[in-house]
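Colleague: Sequence:
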Amino acid sequence: MATHITDECINCGACEPECPNEAISEGDETYVIDPNLCTECVGFHDYEACQAVCPVECCLPDPEREETEGVLIARARKIHPDKSFPESGFPSLKSKK
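Here the sequence shown stands for residues 74 to 170, numbered as in the numbering used here.
Think of the hints as simulated: they come from the structure by calculation, not from any bench.
Among the clues, some could well be false.
[Said to hold, decoys possible] Derived CB-CB ranges, DEER-like:
hint : residue 1 : residue 2 : range
1    : Ser161    : Glu99     : 34 to 42 Å
2    : Val129    : Ser157    : 33 to 41 Å
3    : Ser98     : Tyr120    : 15 to 23 Å
4    : Glu81     : Tyr120    : 18 to 26 Å
5    : Ala87     : Glu160    : 27 to 35 Å
6    : Glu81     : Ser157    : 35 to 43 Å
7    : Glu81     : Pro108    : 16 to 24 Å
8    : Pro154    : Glu81     : 29 to 37 Å
9    : Cys85     : Glu160    : 35 to 43 Å
We treat Cβ as the ideally placed atom computed from N, Cα and C, and that holds for glycine.
Work out the full structure, taking the sequences as your base and the hints as a guide.
Modeller: Encoded structure:
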């Protein structure tokens, strides 16, 4: 699932610089995540960086956008064509489940 930011967001901005895909930006009242850029940090971390730094825990999986690890790593490869991702064993929260 792509991650989304709920309306509990306090607009602190802690999440924005943590995103390896620059998927997070300031919206009108809260920060927002572009689901076309979110990879749940697959390929970068074994945790979702925005969730880890959010003081109010409003960065949550979006139940409307369930995505497999394969879809997420393919997106990461497309967004970062200059980065080398292994075929398997890449950092991922999903692979720990």
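Colleague: Which numbered conditions among the earlier hints are violated in the structure presented, ordered from lowest to highest?
Modeller: none
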